[in-house]
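Q: The residues making up each chain are set out below.
There are 2 protein chains.
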Amino acid sequence: MIGLIRVFTAKDNEVVQSHGKLIQENYAVPVISRSIPDQPYGIYDDETEKTAIPKIVDLGVQLEKEGCRILIISCAADPGINELRARVSIPVIGGGSSASLVARSLGLPVGLMGITEGVPPVMRELLGELIVGYIRPDGVTNTTDLLTEEGRRAALESARSLVNQGAKAIVFACTGFSTISFAGEIRRELGIPVIDTVDSEGLIAANFYKQTR
Amino acid sequence: MIGLIRVFTAKDNEVVQSHGKLIQENYAVPVISRSIPDQPYGIYDDETEKTAIPKIVDLGVQLEKEGCRILIISCAADPGINELRARVSIPVIGGGSSASLVARSLGLPVGLMGITEGVPPVMRELLGELIVGYIRPDGVTNTTDLLTEEGRRAALESARSLVNQGAKAIVFACTGFSTISFAGEIRRELGIPVIDTVDSEGLIAANFYKQTR
Numbered sequence: 001m002i003g004l005i006r007v008f009t010a011k012d013n014e015v016v017q018s019h020g021k022l023i024q025e026n027y028a029v030p031v032i033s034r035s036i037p038d039q040p041y042g043i044y045d046d047e048t049e050k051t052a053i054p055k056i057v058d059l060g061v062q063l064e065k066e067g068c069r070i071l072i073i074s075c076a077a078d079p080g081i082n083e084l085r086a087r088v089s090i091p092v093i094g095g096g097s098s099a100s101l102v103a104r105s106l107g108l109p110v111g112l113m114g115i116t117e118g119v120p121p122v123m124r125e126l127l128g129e130l131i132v133g134y135i136r137p138d139g140v141t142n143t144t145d146l147l148t149e150e151g152r153r154a155a156l157e158s159a160r161s162l163v164n165q166g167a168k169a170i171v172f173a174c175t176g177f178s179t180i181s182f183a184g185e186i187r188r189e190l191g192i193p194v195i196d197t198v199d200s201e202g203l204i205a206a207n208f209y210k211q212t213r
Numbered sequence: 001m002i003g004l005i006r007v008f009t010a011k012d013n014e015v016v017q018s019h020g021k022l023i024q025e026n027y028a029v030p031v032i033s034r035s036i037p038d039q040p041y042g043i044y045d046d047e048t049e050k051t052a053i054p055k056i057v058d059l060g061v062q063l064e065k066e067g068c069r070i071l072i073i074s075c076a077a078d079p080g081i082n083e084l085r086a087r088v089s090i091p092v093i094g095g096g097s098s099a100s101l102v103a104r105s106l107g108l109p110v111g112l113m114g115i116t117e118g119v120p121p122v123m124r125e126l127l128g129e130l131i132v133g134y135i136r137p138d139g140v141t142n143t144t145d146l147l148t149e150e151g152r153r154a155a156l157e158s159a160r161s162l163v164n165q166g167a168k169a170i171v172f173a174c175t176g177f178s179t180i181s182f183a184g185e186i187r188r189e190l191g192i193p194v195i196d197t198v199d200s201e202g203l204i205a206a207n208f209y210k211q212t213r
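Those sequence lines, one after another, are chains A and B.
Per full-length UniProt numbering, residue 1 is the first one in the first sequence, and the count goes up by one each step.
Per full-length UniProt numbering, residue 1 is the first one in the second sequence, and the count goes up by one each step.
These are calculated hints, taken from the structure and not from any lab test.
There's no promise every hint is true.
[To be verified] Derived list of chain B stretches under chain A, where covered just means 3 residues or more per stretch with a C-beta under 8 Å from a C-beta of chain A: (1) 78-92; (2) 105-117; (3) 199-208.
The structure presented is a predicted model; accordingly, all values stated were derived computationally and were not measured.
Beta carbons are placed, not taken as given, at the ideal position from N, Cα and C, and that holds for glycine.
Using the sequences provided together with the hints, build the complete structure.
A: Take a look at the structure:
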């Protein structure tokens, strides 16, 4: 089993399962998804990240105990990844680092799209000079904004603008774009490759998981 | 089509196709393989690398013209990758960088196994502090040595020694280990994950290729 950690609290089980479901469908591997307790708004600043990290660690430790053979922290900022790696004996991968490393292996200049003020530090560190720009779509400050027609239009505009800045591929710096399957829309409209956060963590996790069977 | 470049000259078509065949079988994508001309001994020092690079570039340019949508330089040293990236409009991936980036995304301390004097510079750069050691198996100086019983025994001994040094995963720094499917043997005998050069380049290339269909 692959254990997937959502870094916010959702009451709706369908929301909790959404990333895991994408990975199960694309890579034919079993995924168990859990969310951390008491953070309905997830991580949106240093304080909430600090609060979340011990919960991420506890959840990861628990998932290892339940038999998971690899863990995913399903967030573009990889919150708590080093802390969790120090506490478990199985690999821990992060959405941000997986997407960055997949993008880096292609070697293309990339444009990043996210919903926060800036690029998650782990992505900046791993992609470095390959980054041509980062954009937060106009009016999009949380993932639900991406569900509106206006939000999608703004997001597509951002991708187009990054291509005009020289990007040869788009990398998602937020898993919200994965949940709405926005990669397909960019590929269709702009004809360039998209590195999707959840797809990348799934690619790496499934490749590892299949070895351990 | 994925275009795969072998960085030596082989008369035997089965040898030329061996990496591409592994990728086709594992990832269900079409691969066309070609080898560079007039270098039966491949790349084994600075001089032979210098001679090979323009041939790798020419071959890559030709494969793009023939309709390939992504190119692989199937060698752990990524020879000529920057030169070729500068000349084509499609992504170029390398065996060494792909394996390093897949390993890095798992975040485990790794032991590297190769058949050359030291770690290929691209792998050292990308894996950095994750590397706990590098070993060339005793008596193994070219890939054909891996085909003997003695060579396989020495290679397994090397992997065991890297685990004793603290490696939690093995990364191949030579595609020769891929050709003889040595990863399965290490997993069976030592029970640790193995990041295989050809498998990693195939993983990244196939993930990209499937987007472009």
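Q: For each hint, tell me whether it holds in the structure or not.
A: Here is what the structure says about each hint:
1. Counting residues of the segment 78-92 of chain B whose beta carbon lies closer than 8 Å to any beta carbon of chain A gives 4, which reaches the threshold of three, so the coverage claim holds.
2. Note: the segment 105-117 of chain B has 4 residues with beta-carbon separation from chain A under 8 Å; the three-residue rule is met and the coverage holds.
3. Taking a C-beta to C-beta cut-off of 8 Å, the segment 199-208 of chain B contributes 5 residues in contact with chain A, enough for the three needed, and the coverage statement holds.
Consistency with the previously given hints is maintained throughout, with no hint failing.
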